[in-house]
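Chain H is already provided as a structure; the job is to place chain L on it using the hints.
Here the protein sequences come in this chain order: H and L.
Using our numbering, the first residue of the first sequence is number 1, and each one after it goes up by one.
Using our numbering, the first residue of the second sequence is number 1, and each one after it goes up by one.
Simulated from the structure, these hints should not be mistaken for laboratory data.
Computed from a predicted model, the values in this text were never measured in an experiment.
Here a beta-carbon is modelled for each residue, glycine too, at the ideal position from N, C-alpha and C.
Incorrect hints may appear among the rest.
Some residues of chain H that are not near chain L, with every Cβ distance over 10 Å (derived) [claimed, not checked]: (1) P247; (2) G249; (3) T285; (4) V442; (5) Y556; (6) L563; (7) K569.
Pairs of lysine-lysine residues, derived as DSSO-like cross-links and limited to a Cα-Cα distance of at most 27 Å, are as follows [what the hints assert, rightly or not]: (8) L:K304 <-> H:K412; (9) H:K412 <-> L:K105; (10) H:K169 <-> H:K91; (11) L:K549 <-> L:K580; (12) H:K213 <-> L:K580; (13) L:K304 <-> L:K647; (14) H:K173 <-> L:K580; (15) H:K569 <-> H:K583; (16) L:K125 <-> H:K506; (17) H:K412 <-> L:K107; (18) L:K125 <-> H:K523; (19) H:K169 <-> L:K549.
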Amino acid sequence: MTVRTRGRGAPGRAAPRVDPFTLEIIKNTLVAIGDEMFVALQRTSMSTIIYEVLDYATGLTDGRGQLITQGNGVTLFLGTLSHAVQYTLEKFKDDLHPGDIIVTNDPYTGGGTHLSDVSLVMPVFYDGEIVAFVANKAHWTEVGGKDPGSWTTDATEVYQEGLQFPCVKLFVKGEPLASVVDLIRANVRLPAMTLGDMWAGVAALRVGDRRFKDLCDKYGIRTVKQAIQKLLDDGDALTRLELRALPKGVFEAEDFIDDDGIGNGPFPVRVRVTVSDDEFHCDFTGTHGQVPGPVNCTHTALVSGVRAIYLSITNPGNPVNDGAFRSLRITCPPRTVFSAERPSPVSTYWETMLYVADLIWKAMAPVVPERLTAGHFLSVCGTIVAGLHPESGDLFLLVEPLAGGWGAGRRKDGENGLVCVGDGETFMIPIEVTETRYGVMVDQYTYHTDAGGAGTFRGGKGLIRDYRITADEAYLTTTFGRHKFLPWGMAGGEPGSPNYVKIMHKNGREAVFGKTARYRLLKGEVARLVTGTGGGYGPPFARPPEAVAEDVRNGYITADQALSDYGVKVDPASGAVVEVRRKPVPVS
Amino acid sequence: MRVASDIGGTFTDLVYLDERTGKVGAAKTDTTPPDFERGAIETIRKAGVRAQDVDFFVHGTTVIINALTERSGVRTGLITTRGFRDVLEIGRANRPDLYNLSYTKPKPFVPRFLRLEVTERVNYKGEVLTPLSEQEVVEAAEALIREGVEAIAICFLHAYANPDHERQAAELIRRRWPQIPVTASYEITREWREYERTSTAVLNSYVKPIAGRYLDRLDHELERIGVRGSRYVMQSNGGTATFGAAREAPIQMVESGPVAGVLGAIAVGNLVNEGNLISLDIGGTTAKTSLIDHGQAKVTTDYKIEWTRTSAGYPIKIPVVDIVEIGAGGGSIAWLDDAGSLHVGPQSAGAVPGPACYGRGGTMPTVTDANVVAGRINPEYFLGGEIALDASRAREALQPIAAHFGTGVEQAALGVIRLANANMVNALKLVSVHRGYDPRDFTLVAFGGAGAMHASALAAELHIARVLIPTNPAVFSAWGMLMTDLRYDLIWTSILRTEAAANDGLERIWDTLEGQALEYFTPQGIARSRLVFQRFADMRYAGQEHTVKVPVPISGMTEAAVAEVENRFHALHEQRYTFKLTSPIEFVNFHLTALGTVEKPRMRRLRKNGTAREAVKGKREVDFDAHGQATATIYERDRLGPASTVKGPAIIEEPAATTVVFPGQRVEVDGYGNLVIEVRS
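Extracted from the complex, chain H is given alone in its bound form (with noise of 0.2 Å):
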């Protein structure tokens, strides 16, 4: 720490030290220009998967690409920026100028997660030098591919998964290069939809750029400089604070990965996290290689996905940079599922991340209860419904998330319907919005009573969501994880329950799996969306009856469920209780 401006030498208008309340200001003024860069892209973005969802992220870092703050709509690009800024550093040296705009989605090198999370980096030049840049990452609906939507469960290599930009210029001095947009355009199914993410983008980069400028105009941009230096100081000191509170030891778990979508699985996956006062060290030896599926994640992600729930656990209120990520250590040998290399298909790569953060997180959920709760669906459960609008007769593509249970915790149930760790500010898509847009009528949208999750705090409710094809036909992707291997109990809770895709064909023939590609669904037949229900917590025979007649009530559970997993007997029609059959167990 070096710039603690703590009380020596004269204090005074005159001196030549920076005073402490405008170092106070200027970070201020940098967390606020990475929101309104926030908000510039949401708002021109032509994608619902990034206006709704809000998988994206945008952020600023110095000349050297150390995150200075990020705005984020979802967990999981915590720490790709960064490395996005510093591969284009590493690979445009010199030949970077004013206006310039870079684009990269290699999955392998600098920042890449999947090749539909494209980042844009852009300097910000003052005074002829660059002293920061200014980036964005978004899912791009569609980036060309095997399969509309572009990612897919069933691809083999990354070529399969579109268009790659191996960290290119996109704009020179503040022209877009028609080479580049014209090769967008011939190699994606939706251009108008793909250019104006890419706009939404550039004009996400010019809002950064020109607020960033502002600020170096009015303090100097050698004032500036130390007020980043500071907020990154403090954002280690803050992270440092906390992990000293934390109990010291090696904590471990084990988990499994479903499979791969094309056949190959369950996959082991652990990690050993030994906390000390100066460091949080993740160790992921002993963890599966990487697969022939799509479901492999790159460096990149595993960095975020370890970056996510660190700051889960030590800060989660936080701004967020670079600073708060000193202490932390990762190690990974190369070529697993969590380390992937060239071209190994990564398309789905964001359900194997979640594993990376919920295997940090059922280790330590123990040690830090009031903040970690049990195991919840862990997945995005992510779903690409595609055909001709009904009435337009256009290529529609419906992508999105899905909703599910929470897992409970030491003082609270878990949360009913809520999207998953890997996602955040993320918004279920209206049924009328869907409706209107796609060939599809949805026939319910609601809780369900699956068995699951029963604990002295109840694990919370998953959802199903009915679509009903209106299109002629339509072609179904899903990759909705945690379909074999339970969302997990903690402290004498029971594991939740699965997430899982029902078919229910027109001639009555039904289907029921986690993930699938293009399954062909004709006009009038259903896919069933169902997501689990997060694990409990506590032994279930402590929940007070009366909030398990509650339950009944209001039909978070069954009457049957009440009596075999609680023992307590409620009349569903008063919903009283009417009997307990349980010996006493003492609420922890």
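What follows is chain L alone, placed relative to chain H:
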């Protein structure tokens, strides 16, 4: 005689204007929960207003927002389309507090067992796919009433496109149970998005009996003391409604208080021929700001209560004047975080214990304490001397911050003021720069207890050339209510490409909306000749979601007129987002504003005289931050006559506010008594 009564959380204010004499007066009393009407009546008495003379009574109230935030509304039931009773509880399923894994979703206002489903279905085009089962509606209502609900909300899918089923269901229930207030979603909003519409209908029902009882009591009390004139309630859209209309849609009153200040700014702008204004209302706990473009306040329906960076809140799809509110006011507390960084707010010391200098037991340093230490507030003349401030306590409270940074208490005080100002500057930027407006084109109208204290520094920071401090800034919101028209906003979602729209159906849409406005106003005795319509369209590039509100000419929607609207859209989009596209454009919502104009009072010019020299009370040392310590001349505002001028460094004191004038700034008192500060930046 016109009377405006504004019930706030702590005080109930009254402002009156005697149109014969031009006299403006005010009175203040404590707010009197739960019988809020008592305070209102009390201020009438206190102000010495003769009830018989009142021919216009307008009322703003926090009763609705209080009922919502204190969860003191009635037990409410909800009836939905079969399969969708959980829409209210699922919400949009977002997790705004990204890294908090123990996040708790906002709890629904209606528990699951009071949410019942009935068979019916309409598609997105408004076509009925399954007719409404009337029997199920009756059964559902019966079941809810058996459970003791006092109000019912109805929301069916796609009711914005075709409200027939909702109307039918509402009528059925009203006929059978006339004592149960019912809200069908379409009665409040005709925008798409089922969760937001359901939430709106539910919250309206939840407060409806409360609002009804409250308005009845107030009406009765006014009647009793002999007030015979017309009575109105301030609405969130910046207009008023009759008591009768407010009873049906009480949720429209949710921002009743704060919007009045914005209207006051518009009215004062009219007086001085200034249409581009930024209003700034700084109170004890928050600062609220809003931008006025060519005399028009911005109205949006993206309103939510209890929405923060860490909570999803509850959406209410009603037109609300677009106000940005932040936790920065006189009572905001300055504190150090674990890393040793200084923050100001959003926690406030409130009125009790209040800032440390109040001597009521508060020990935390606040913005007010900092202003006392900096010499900007006169400790002997706070609230006209009602509270004697203790400067030594203010210094004591700031000492830990000074010690932490190794500065003197004076520097610490300035640091707190600057940080609070920076927060306010960010809020002012949110409504201006971030939306493509250049603050240099605007006049800052500052009011509330602390507005005048901070305004000139904020203006300098944003290069705003002119600041206007109205007379009686502490009760300016109530004054604003005197200047308002009746207003009714109709917003209708109908997605339509502009290219197809020119020849098809636009006139029908506007005619329908105007017809509905007439249906609304006619029973209230508002003649057609008093109605003024304004048209807007929420538009976007096809494929986008977020829209830009575009003014639409009242003339026929010819091809040329549509082309004009398209051009306006391109320009507004570029202004706000830095680019425009060649993509097709869509209409999303058609928005009609119907104003039932009322006769406005004419403000008279001040006749009193008084030069700046006569208003001088003394001199004192004041810290002017970057301008350094300076000897400021202190003026008594009441003694400053029109056309008198004051040069900074100066402090202009009045009982409930203090205006800080920086070195180099110049103040002129205009013909209405407003202080107009010319800011050199």
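Verification of the hints:
1. Every C-beta of chain L lies more than 10 Å from that of P247 (chain H), the closest at about 18 Å, which supports listing it as non-interface.
2. Distance to chain L confirms G249 (chain H) as a non-interface residue, since its nearest Cβ pair spans about 21 Å, more than 10 Å.
3. Distance check for T285 (chain H) against chain L: the nearest CB is about 25 Å away, which clears 10 Å, and the non-interface claim stands.
4. In this structure V442 (chain H) is not separated from chain L by more than 10 Å, as the shortest Cβ-Cβ distance comes to only about 8 Å.
5. Remark: the non-interface label on Y556 (chain H) conflicts with the geometry, its nearest Cβ contact in chain L lying 7 Å away (cut-off 10 Å).
6. Even its closest Cβ contact with chain L, about 19 Å, leaves L563 (chain H) beyond 10 Å, as expected for a residue assigned away from the interface.
7. No Cβ of chain L approaches the Cβ of K569 (chain H) within 10 Å, the least distance being about 19 Å, so the stated non-interface status holds.
8. Restraint check for K304 (chain L) and K412 (chain H): satisfied, since their Cα atoms lie roughly 25 Å apart, inside the 27 Å limit.
9. For the given pair, K412 (chain H) sits about 12 Å from K105 (chain L) by alpha-carbon distance, which is consistent with the 27 Å threshold.
10. With a CA separation close to 11 Å, the supplied pair K169 (chain H) and K91 (chain H) stays within the 27 Å bound.
11. Taking the CA atoms of K549 (chain L) and K580 (chain L), the gap is about 15 Å. The hint holds against a cut of 27 Å.
12. With a C-alpha separation of about 23 Å, the suggested pairing of K213 (chain H) with K580 (chain L) holds against the 27 Å cut-off.
13. At roughly 44 Å between alpha-carbon atoms, K304 (chain L) and K647 (chain L) are farther apart than 27 Å, so this suggested pair is violated.
14. With a CA separation close to 20 Å, the supplied pair K173 (chain H) and K580 (chain L) stays within the 27 Å bound.
15. Between K569 (chain H) and K583 (chain H), the direct Cα distance comes to roughly 14 Å. Compliance with the 27 Å bound is thereby established for this hinted pair.
16. With a CA separation close to 25 Å, the supplied pair K125 (chain L) and K506 (chain H) stays within the 27 Å bound.
17. Between K412 (chain H) and K107 (chain L) the CA atoms are separated by roughly 13 Å; this keeps the pair inside 27 Å, and the hint holds.
18. Between K125 (chain L) and K523 (chain H) the alpha-carbon distance is near 19 Å, which keeps this suggested pair within the 27 Å criterion.
19. Note on K169 (chain H) and K549 (chain L): the hinted pairing is violated, with a Cα-Cα distance of about 35 Å set against a maximum of 27 Å.
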